[in-house]
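Asker: As a plain string of letters, each chain reads:
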Amino acid sequence: MVKTRKLLENIFFRHIPLLITMLFVFMPIYWAMVISFKHEKDIMKKPVQLLPNPATFENYQFVWSKTGFSRYFFNTILVSGLSALAVVIFAVLVAYGLSRFRFKGKRSFMMIFLATQLIPYNMLIIPLFLIYKNMGIIGSLTSLIITYTTVFLPFNAVLMKSFVDGIPIEMEEAAMIDGCNRMEVIFKIVLPILAPGLVAIGSFAFLSSWNEYIFPVMFINNKDNFVVSVGLNFLIGQNVLMYGPLAAGSIIALSVPILIFAYIQKFLVQGLSAGAVKG
Amino acid sequence: MFAMNTELHKKYKLKKCIPYIFLMPAVILIAVFLFYPMGSVFYYSLFKYNLAKPYANGFYGLGNFIDILTKDKLFYKTLWVTVKWVFGTVSVQLIIGLLISNVLNQRMRFRGFFRAATFLPWAVSGIITSMLWSLIYNEHMGLLNTILLNLGIIKKGIAWTSSLDTVFGAIVVAEIWRGFPFFVIILLASLQNIPESIYESCRVDGAGRLSTFFYITLPHLKQTIIFGTILRGVWEFNNIDVIYAITGGGPANMTTTLSMYMINQGIKANNFGYAAALTVIVSTILMILIYFYMKIMRYSEEGM
Numbered sequence: 001m002v003k004t005r006k007l008l009e010n011i012f013f014r015h016i017p018l019l020i021t022m023l024f025v026f027m028p029i030y031w032a033m034v035i036s037f038k039h040e041k042d043i044m045k046k047p048v049q050l051l052p053n054p055a056t057f058e059n060y061q062f063v064w065s066k067t068g069f070s071r072y073f074f075n076t077i078l079v080s081g082l083s084a085l086a087v088v089i090f091a092v093l094v095a096y097g098l099s100r101f102r103f104k105g106k107r108s109f110m111m112i113f114l115a116t117q118l119i120p121y122n123m124l125i126i127p128l129f130l131i132y133k134n135m136g137i138i139g140s141l142t143s144l145i146i147t148y149t150t151v152f153l154p155f156n157a158v159l160m161k162s163f164v165d166g167i168p169i170e171m172e173e174a175a176m177i178d179g180c181n182r183m184e185v186i187f188k189i190v191l192p193i194l195a196p197g198l199v200a201i202g203s204f205a206f207l208s209s210w211n212e213y214i215f216p217v218m219f220i221n222n223k224d225n226f227v228v229s230v231g232l233n234f235l236i237g238q239n240v241l242m243y244g245p246l247a248a249g250s251i252i253a254l255s256v257p258i259l260i261f262a263y264i265q266k267f268l269v270q271g272l273s274a275g276a277v278k279g
Numbered sequence: 001m002f003a004m005n006t007e008l009h010k011k012y013k014l015k016k017c018i019p020y021i022f023l024m025p026a027v028i029l030i031a032v033f034l035f036y037p038m039g040s041v042f043y044y045s046l047f048k049y050n051l052a053k054p055y056a057n058g059f060y061g062l063g064n065f066i067d068i069l070t071k072d073k074l075f076y077k078t079l080w081v082t083v084k085w086v087f088g089t090v091s092v093q094l095i096i097g098l099l100i101s102n103v104l105n106q107r108m109r110f111r112g113f114f115r116a117a118t119f120l121p122w123a124v125s126g127i128i129t130s131m132l133w134s135l136i137y138n139e140h141m142g143l144l145n146t147i148l149l150n151l152g153i154i155k156k157g158i159a160w161t162s163s164l165d166t167v168f169g170a171i172v173v174a175e176i177w178r179g180f181p182f183f184v185i186i187l188l189a190s191l192q193n194i195p196e197s198i199y200e201s202c203r204v205d206g207a208g209r210l211s212t213f214f215y216i217t218l219p220h221l222k223q224t225i226i227f228g229t230i231l232r233g234v235w236e237f238n239n240i241d242v243i244y245a246i247t248g249g250g251p252a253n254m255t256t257t258l259s260m261y262m263i264n265q266g267i268k269a270n271n272f273g274y275a276a277a278l279t280v281i282v283s284t285i286l287m288i289l290i291y292f293y294m295k296i297m298r299y300s301e302e303g304m
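Those sequence lines, one after another, are chains X and C.
The first sequence: position 184 = 184 (my numbering), numbered continuously.
The second sequence: position 179 = 179 (my numbering), numbered continuously.
Looking at chain C on its own, in the form it has when it is part of the complex (with noise of 0.2 Å):
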């Protein structure tokens, strides 16, 4: 080897330090701005800190927790709605998503206007995703209503989003509208990746559509498909856009989910410390939902 002397070797030092100046500014900006307001969560959960009753404000110990977990009734109904809103969303976006992505992986007149046609209301944001479906849903002149009218199936206008027997399925259909082109975009991009000889020598071989599918296919867009269904399912377990602008989580908590619970304690209640408490509890759950969906997509591929 050769011996460094002292002016390379300072040289050396300086340029170890260039990536971290590059990181900086980026770093500061996350540490002031994300992590140190979630770690005040955690440290606002232990406190009883409510702007309307400040008298009572202090250190709460563990008592939140203890509050939600054996008195607050709405908290368990919430998380019930949590898991329909999730499940409904992000599953029937996924079907969808795979349906249309290998529609429009195949060769066709006009496939980029369909492909960009499809990918639409992925940059259609969440409140006007609800003034859109609002007007579809309305009782008096909406389009849903209009239609079903004039096809005879119903005698008398429905009101879609308050009704308690409609209003869950009309949000979660307006979150599909909005959402399945995610999984039309990540799934498209995998299956570009599966070479087309492939799927010529499954022709010769005589597979049908269905096989090639089943066989071919899905096993390769499997680490998309998990990647996915996290990525989308912590998203809609957080996003309350829709939520919020047409129910606002009505009629009777029917649609409120714990995060809109928790915005509604925070910020609405003024109740601080017990939303934080629910943000605690909220990322914990989320947290060992992922692990254990990854633990068992893992599993079942050591399986295969």
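Same shape as in the complex, but just chain X (with noise of 0.2 Å):
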């Protein structure tokens, strides 16, 4: 009797609900897969499919190689490669400001940081397009990272700041007395302490930067320069809808994340509530 109900409780407060939550995030990176190695005749044939029958890699390479895929994907990783640092360094040096010092005005910087969180951003899309059309950069990567860091950065830093608290003053202290200048202290103790904390907030950063699109899709006109989630966009407005090589590209734009993904996502939980709640 009492296992029968634990069991019914299992199913239908376990494995029911966590079924339909894998059906439902698997789904679509499945369809897409398939898609993307079936050949081109197929794709379309009725009845379709459910798997790719012969498979094929025809369109990982047409993408890859025909469609300046590969420049955007190169482009997309310098973008946010040096957004990512830029931001970790700023971060470093405000999450160490904002918690070893006391100092006046400490409260507001933290409430403007905060604040940004909660700016509509669309609305610096013209103004910053005008911007960079003053200093010349508007359509460069320049402009993509400059962006990216601003914009990533105050999340970030109170990001940051939570895994600065976490270390003990006392370490510092010790060394201070040892002898140490505050830039030893930084070096020798704080930031090797700091590097889980570091890597983690630099993933954080590469894969915001990563997924951006709404400003490279309006800053960026030059094929030359695009990114990868501006040039899959502009695959799609071919004038040939390519089904294939447009799922093959996205798994190529997904892998990515997906690998940061997989080394940041044990960080998730505390980082992100650390960061976006308790501030």
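Keep in mind that a hint or two might mislead.
[Said to hold, decoys possible] Within a straight-line C-alpha distance of at most 35 Å, the following computed DSBU-like cross-link-like pairs (lysine-lysine) qualify:
#1 C/K84 x X/K106
#2 C/K295 x X/K104
#3 X/K223 x C/K268
If you're looking for bench data, these hints aren't it; they were derived computationally from the structure.
Mind docking these for me? Both chains are given alone in their own frames, and the hints should help you get the complex.
Answerer: Here's what the structure looks like:
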């Protein structure tokens, strides 16, 4: 009696919800993979095949070498990498300053950083467009790096602060008593302990930059400077809709975030909530 | 107390500067590329500034605002679409998030895997989400039509993203796919702070799963739910990736949210002044809503 009740509870409160979630999450990814491995002539064939038969790599080869996708891919890595680096450097400075000192205006700084989370950042597109035009860098990868660094810095700085807060200040005090100055303390004590946090925040920033879409689609006109998200959208805009290469391109573009995600997912539960909720 | 000599005093003063030096680079960056452009939006909102009609450009006072509020029918239409969009996406994401985070908080085999798998769409961009779901919704080779046809539920394939009846639901589902992991993540973090002993004493007292959920879990999650919905609400309000990529706001402006309308006016129609005024109105509405939401939530807390 108790056992059946327990079993029923498990089925209703655990197995069924999990099963539905897994189907919901993986269905779109599964379908894109199926299409990416189908021959072009099989994609439209009725009845629709649920598995590619026979499977082919031609869509991947086509999208990578014939559409400029490889260039977009490396552009995106460059932009995301440099933005992530800049975010990490600025965020460490901010986090250390906020975590280790008491000073006038500290509360206001925190408030400003948190308030930026509520800015409707689409409103920045037009003025930034004009600023970059005046600076002569509109349409360049630099304009993207500046934008990403600025937009992603506040959240990541607050997140970084929670990592720095976790390092006991006594260690630094002990080192200072032993004659280290502030710079030595930062480079020899704080940064090594902070390493996992640096990587996690770098990954967050990289992922956010990699996924950004509206800024590049508005700022970049020149095909040489396309990033992956814009390149994919451009593929849709072509006259002939090529579902196979489109699906293959999506899977390639998806692979990088998933690799990063595999690393940072263990930080997610503590990280996102520390930055987003507790503030 | 002790008297400070000048040497020490100087050192003390220098020390006071240190934290500001740490913050300086970030503050400069944010001031120049975030706050200055924001301010300039307010400035432009008072001008007629249209690259397509330069002869008419100039100071226009509150004219843009008056035009929007009195003449622009599309503005009110997009306002309603925005309400549906934000409410539809955030409420469902929150409900799924509540359910799944509670499931994933239980002890079970392969919990690590199930958690990671559930979080996965969080890492996927709006544009990729659009691609993946477009392939599902496709009229001719989409998975959804294939399944429904095989089950005999429909006789003929449906064009999910171009039919007036289904387009809105279609993009909302795609956005929910990408957004619900956010709630799972923050709620799970909050759930882990509830001591196991409370649940045990509930079990001893004979409380069922549902009453435990409503009397223990939900009140504990309240703060997280409030902040989560605000953050997500603002985020969905602003976010147009999926709309832009799947429908572009169409058909017949059925999926044009305020943010989408703003972009269309500013970039596509080159109507900067008008778009800036729209932005000011949009941000004002957003701030007022957040204020009232927090006030109501706080009020109900005091009432408890």
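Asker: Okay, which hints does this one fail, numbers in order?
Answerer: 1
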